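Number of protein chains: 2
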Amino acid sequence: MRQSRLLLPTLREVPAEADSASHAWLLRAGYIRQLAAGVYTYLPLGRRVLRKLEQIVREEMDRAGAQELLLPALQPAELWRESGRYSRYGAELMRLNDRHGREFVLGPTHEEAITSLVKGEVHSYRKLPVSVYQIQTKFRDERRPRFGLLRGREFLMKDAYSFDADWAGLDVSYSLMYQAYRNIMERCQLDYRAVDADSGTIGGEGGSHEFIVFAGIGEDVVAACDHCDYAANIEKASSSHSVNTPPLPGGAALEKMHTPEVHTIEELTQFLQVPPEQLIKTLIYVLDGKQPVAVVVRGDHEVNELKVQAYVGAESIELADPVTVEQATGAPPGFAGPLGLKIPILLDRDVSTLREGIAGANERDYHLRHVSPARDIVTSHIGDFRNVVDGETCPNCQAGKLKLSRGIEVGHIFKLGTKYSQMLGASYLDRNGKQQDIIMGCYGIGISRLLSAVVEQHYDERGIVWPAALAPYRVHIIPVSVKDRQQIELAEQLYEQLARKGIEVLLDDREERPGIKFNDADLIGIPNRIIIGKTAEHGVIEFIKRGKAEVEKITVEEALSRFAPPLQ
Amino acid sequence: MRQSRLLLPTLREVPAEADSASHAWLLRAGYIRQLAAGVYTYLPLGRRVLRKLEQIVREEMDRAGAQELLLPALQPAELWRESGRYSRYGAELMRLNDRHGREFVLGPTHEEAITSLVKGEVHSYRKLPVSVYQIQTKFRDERRPRFGLLRGREFLMKDAYSFDADWAGLDVSYSLMYQAYRNIMERCQLDYRAVDADSGTIGGEGGSHEFIVFAGIGEDVVAACDHCDYAANIEKASSSHSVNTPPLPGGAALEKMHTPEVHTIEELTQFLQVPPEQLIKTLIYVLDGKQPVAVVVRGDHEVNELKVQAYVGAESIELADPVTVEQATGAPPGFAGPLGLKIPILLDRDVSTLREGIAGANERDYHLRHVSPARDIVTSHIGDFRNVVDGETCPNCQAGKLKLSRGIEVGHIFKLGTKYSQMLGASYLDRNGKQQDIIMGCYGIGISRLLSAVVEQHYDERGIVWPAALAPYRVHIIPVSVKDRQQIELAEQLYEQLARKGIEVLLDDREERPGIKFNDADLIGIPNRIIIGKTAEHGVIEFIKRGKAEVEKITVEEALSRFAPPLQ
Numbered sequence: 014m015r016q017s018r019l020l021l022p023t024l025r026e027v028p029a030e031a032d033s034a035s036h037a038w039l040l041r042a043g044y045i046r047q048l049a050a051g052v053y054t055y056l057p058l059g060r061r062v063l064r065k066l067e068q069i070v071r072e073e074m075d076r077a078g079a080q081e082l083l084l085p086a087l088q089p090a091e092l093w094r095e096s097g098r099y100s101r102y103g104a105e106l107m108r109l110n111d112r113h114g115r116e117f118v119l120g121p122t123h124e125e126a127i128t129s130l131v132k133g134e135v136h137s138y139r140k141l142p143v144s145v146y147q148i149q150t151k152f153r154d155e156r157r158p159r160f161g162l163l164r165g166r167e168f169l170m171k172d173a174y175s176f177d178a179d180w181a182g183l184d185v186s187y188s189l190m191y192q193a194y195r196n197i198m199e200r201c202q203l204d205y206r207a208v209d210a211d212s213g214t215i216g217g218e219g220g221s222h223e224f225i226v227f228a229g230i231g232e233d234v235v236a237a238c239d240h241c242d243y244a245a246n247i248e249k250a251s252s253s254h255s256v257n258t259p260p261l262p263g264g265a266a267l268e269k270m271h272t273p274e275v276h277t278i279e280e281l282t283q284f285l286q287v288p289p290e291q292l293i294k295t296l297i298y299v300l301d302g303k304q305p306v307a308v309v310v311r312g313d314h315e316v317n318e319l320k321v322q323a324y325v326g327a328e329s330i331e332l333a334d335p336v337t338v339e340q341a342t343g344a345p346p347g348f349a350g351p352l353g354l355k356i357p358i359l360l361d362r363d364v365s366t367l368r369e370g371i372a373g374a375n376e377r378d379y380h381l382r383h384v385s386p387a388r389d390i391v392t393s394h395i396g397d398f399r400n401v402v403d404g405e406t407c408p409n410c411q412a413g414k415l416k417l418s419r420g421i422e423v424g425h426i427f428k429l430g431t432k433y434s435q436m437l438g439a440s441y442l443d444r445n446g447k448q449q450d451i452i453m454g455c456y457g458i459g460i461s462r463l464l465s466a467v468v469e470q471h472y473d474e475r476g477i478v479w480p481a482a483l484a485p486y487r488v489h490i491i492p493v494s495v496k497d498r499q500q501i502e503l504a505e506q507l508y509e510q511l512a513r514k515g516i517e518v519l520l521d522d523r524e525e526r527p528g529i530k531f532n533d534a535d536l537i538g539i540p541n542r543i544i545i546g547k548t549a550e551h552g553v554i555e556f557i558k559r560g561k562a563e564v565e566k567i568t569v570e571e572a573l574s575r576f577a578p579p580l581q
Numbered sequence: 014m015r016q017s018r019l020l021l022p023t024l025r026e027v028p029a030e031a032d033s034a035s036h037a038w039l040l041r042a043g044y045i046r047q048l049a050a051g052v053y054t055y056l057p058l059g060r061r062v063l064r065k066l067e068q069i070v071r072e073e074m075d076r077a078g079a080q081e082l083l084l085p086a087l088q089p090a091e092l093w094r095e096s097g098r099y100s101r102y103g104a105e106l107m108r109l110n111d112r113h114g115r116e117f118v119l120g121p122t123h124e125e126a127i128t129s130l131v132k133g134e135v136h137s138y139r140k141l142p143v144s145v146y147q148i149q150t151k152f153r154d155e156r157r158p159r160f161g162l163l164r165g166r167e168f169l170m171k172d173a174y175s176f177d178a179d180w181a182g183l184d185v186s187y188s189l190m191y192q193a194y195r196n197i198m199e200r201c202q203l204d205y206r207a208v209d210a211d212s213g214t215i216g217g218e219g220g221s222h223e224f225i226v227f228a229g230i231g232e233d234v235v236a237a238c239d240h241c242d243y244a245a246n247i248e249k250a251s252s253s254h255s256v257n258t259p260p261l262p263g264g265a266a267l268e269k270m271h272t273p274e275v276h277t278i279e280e281l282t283q284f285l286q287v288p289p290e291q292l293i294k295t296l297i298y299v300l301d302g303k304q305p306v307a308v309v310v311r312g313d314h315e316v317n318e319l320k321v322q323a324y325v326g327a328e329s330i331e332l333a334d335p336v337t338v339e340q341a342t343g344a345p346p347g348f349a350g351p352l353g354l355k356i357p358i359l360l361d362r363d364v365s366t367l368r369e370g371i372a373g374a375n376e377r378d379y380h381l382r383h384v385s386p387a388r389d390i391v392t393s394h395i396g397d398f399r400n401v402v403d404g405e406t407c408p409n410c411q412a413g414k415l416k417l418s419r420g421i422e423v424g425h426i427f428k429l430g431t432k433y434s435q436m437l438g439a440s441y442l443d444r445n446g447k448q449q450d451i452i453m454g455c456y457g458i459g460i461s462r463l464l465s466a467v468v469e470q471h472y473d474e475r476g477i478v479w480p481a482a483l484a485p486y487r488v489h490i491i492p493v494s495v496k497d498r499q500q501i502e503l504a505e506q507l508y509e510q511l512a513r514k515g516i517e518v519l520l521d522d523r524e525e526r527p528g529i530k531f532n533d534a535d536l537i538g539i540p541n542r543i544i545i546g547k548t549a550e551h552g553v554i555e556f557i558k559r560g561k562a563e564v565e566k567i568t569v570e571e572a573l574s575r576f577a578p579p580l581q
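Residue numbers (the numbering used here), protein chains in the order written: chain A, 14 to 581; chain B, 14 to 581.
Worth flagging that the hints you see were computed from the coordinates, not collected in a lab.
One should not assume that every hint holds.
As the list claims (entries may be wrong) - Taking beta-carbon pairs under 8 Å as the criterion, some of the chain A residues facing chain B (in silico): (1) PRO22; (2) LEU24; (3) VAL27; (4) GLU30; (5) ARG76; (6) GLN80; (7) PRO85; (8) LEU87; (9) PRO89; (10) ASP154.
Here the structure is a predicted model, which means the values were calculated and not measured.
For every residue, glycine included, the Cβ atom is placed at its ideal position computed from N, Cα and C.
Whenever a hint applies, use it, and build me the whole structure from the sequences.
Following this line, the structure appears as structure tokens:
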């Protein structure tokens, strides 16, 4: 491709709208442009990278035995009512009416559509298992679209679905997909972890894994062991519970302290000059909109609401408002404590093993000291109700330490089980002629999100540094001066010869100053650069790898021999 | 691919919903399924063919120098208001609101989005010309979705746009696209014509061509010369006007005839026992919702409303209602005639050269005979206001005859000129620093429609007969009995060897009766079939081309040698 003809508008400045490194580079290097909040155009370079990602994903899906199909984006609202998600999905689901007033949604995901299809076409165990996938534009009306392609409202996704006769079959389908996802991550040269995850709103009975790409702007936090391969989303991660300090009942007697206007753990540590791990924090939650409970964790720990929710089996959980707190504890927020409460108390195991601590007195402006949980807190609900923290012991190997890192969720795979097949009535006849629910799995990867995630991990101070497998072009030829006949002739010759070998080459044939050309080349990030300058008359050119400092002086023949035609 | 694992549900009966041959075959052979009216799922076989079509289109676009990008489906309504199409597009435009109540449309086409992009990024003649294309799902809320993929509400389309500095540049861009479209049609083995066409609602000043694939169910009618390469949509086609019978004024005097309850041309020919070409038909139209006119054509001809509209320069044209007819003519519908009218009269040239004819008398139950147009009809508006008919002389070569055929419009290319660039403000600075409007072209081809159009031309009484370039698989291997060890082993061996050469093979490894397998194979339509039956023990197999009767007995080695690996 001749750069003079390419729609490749680079920007000198970081655009004001950019809120992450990948967003800024993709805008500046002319890969994407925004049309509306969270809605992007892929310019030619962006489209090329996207197609390479599509191809990698497609190859790995095919290798995993999944078949490509294409479901519609427009789906009758009726189908979503049947699954119960029409209302549950909330404002993220984009809705519209057709000219006859019939209600439709724009698919944010396709469990309903595929289950309904399979229900109509698969009726016997002889047609199972079957796995299908599609690469398709999805729509989700995010409340806060941001980070460019990372959290968009229209985005490209690969979603796959497996259908099995039994759970053992699902395990096989799931592990094929798990491996395919690992292959995709590795082919994209991503530093990532496959982490044990919560199944969230998609639901399902059999567990799930997220594929998290490490990045500072990531909205997910992962706890990963530095010794074994344990890794889990913090929503789900646990640590090995040390029982080295068994609870010691007795000790000093309870004592009330006046703590005027001291509401928070931070204020309390300052006021009393004690470390937060000696404090006992009591939070009042409301379950399913009606049942108040007290969750008690150490002052240096954070409540994990999903663990609480899973423990009690609630559909929803939210922090109580001040009125409810006062009703439950007899005091305004800031003075709740686990003693004498009439509501259920969920006690984190790390509080239960405290020798003693300081807790709220359930009375305005008072706390209690010498609280001995084993002696003073009356509850039968002791468990793991908190987030793990950096440096805790791995629950799997009991040897390594957990390290917390931020990351971007690019993929999520689920063992759905029979959630959708039951609701939509997708069943099959087994060998004995008995009707059975089909066992499902679903597997999603954000292809446009992957594009941004790769850039988050592959840039330097001058621009993008593409992994070879994803670069929009493989070679970038830059004649320093296109007015120099020897330079441009040599450049054209090399361009033709490489192109004839099937190699993707971009030729910067623009009449621009060398500084502008080199800056643009750095921004764009093509891995192999050939600079044709004054030494062209001796047949010598410069070869540079993007991201490396070394400049090699080589002959044209050498340059040609470095690039083998692409395989296949 | 193993057929036992493929999601390929074939149907024995023609489904009731099928309203065309391609629709019926694509449903029966398991290529597509309907999710809602005009909204289809592509099953694995359908997806494969669609991808082959995409690839052909992509290659031809690249060869024509266009760059692939991807614009969003979600577009702010504001953009459509700017171009004036938000209201003009009518009910076909799908509209929705986001969670904040902002209005969006789902792109049925992308002139607005691309013009707005180019406006922001291209400002100098040095960046022109540039041509871009995308392959994308489009949405149009058709009033009457039908014929399966032919007239759908969600469909796959390739749309391309060219941007030039001047009209000469547009001519070059346009002819590159014209040639690319011809290449696509030929690679799909379609019997088609590129026809001169009306620009319709997309508009534009510079003319357009439709690519029409001949098919009996087609909604377009093409007039094509049997001698030269003239071809035009009937909306635009004209014929050579013969002036062999100059108008002869005078003759017999006008005579009023009683024609009770005779309203139509058909009734009149029966009642008077005269051929329709001796009748003069007068239709009352209303232009732009207010101006009534009379259009006068021969009894055997049909008014061409677009020609009338173009002649008078009206935005809209519709047949007058009975009240307006009575106001304009003084008689109820059925008795209008061109004599004595107070409204403008548009006289078709073939009426103007009639020696005499029979016309309505503008009086209930009366007609006039011996009407001599040259003598009796007062108008200065004589022109071509009718559709051409089969067998007329070609207006181009004046030698051949025009033949009318029905066809499916699969592509349409337009010289838009400055219609959109003016409205949306896309301009550039020319060599002299002067601001100029960018000159645009747009070029669309329906990829999913192409799929159906190919099937309309490639089937026999047993199923689809794919052109080799589009078949979902190249070779179909059918062991007659999978329980026969020799047969299945030979089949597996051949399957592996062909697959290893990169050849797309489908192996029918199902435990089904031979009749079912052969019926399914005929339905699916893979071009090369290898049947492995009783002679397998001697290493002999049967080779059949789909659509041909001959059965060849060949050895396994011969079978292998017939299929070279794919190029590239």
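Each hint, compared with the structure:
1. PRO22: holds, 4 Å
2. LEU24: violated, 10 Å
3. VAL27: Hint on VAL27 (chain A): violated, closest Cβ of chain B at ~17 Å, above 8 Å.
4. GLU30: For GLU30 (chain A), the interface hint is violated, since the closest Cβ of chain B sits about 13 Å away, which is over 8 Å.
5. ARG76: violated, 13 Å
6. GLN80: The hint holds - GLN80 (chain A) has a Cβ within 8 Å of chain B, the shortest such distance being about 4 Å.
7. PRO85: Holds - the Cβ of PRO85 (chain A) comes within 8 Å of chain B, reaching about 5 Å at its closest.
8. LEU87: holds, 5 Å
9. PRO89: holds, 5 Å
10. ASP154: holds, 5 Å
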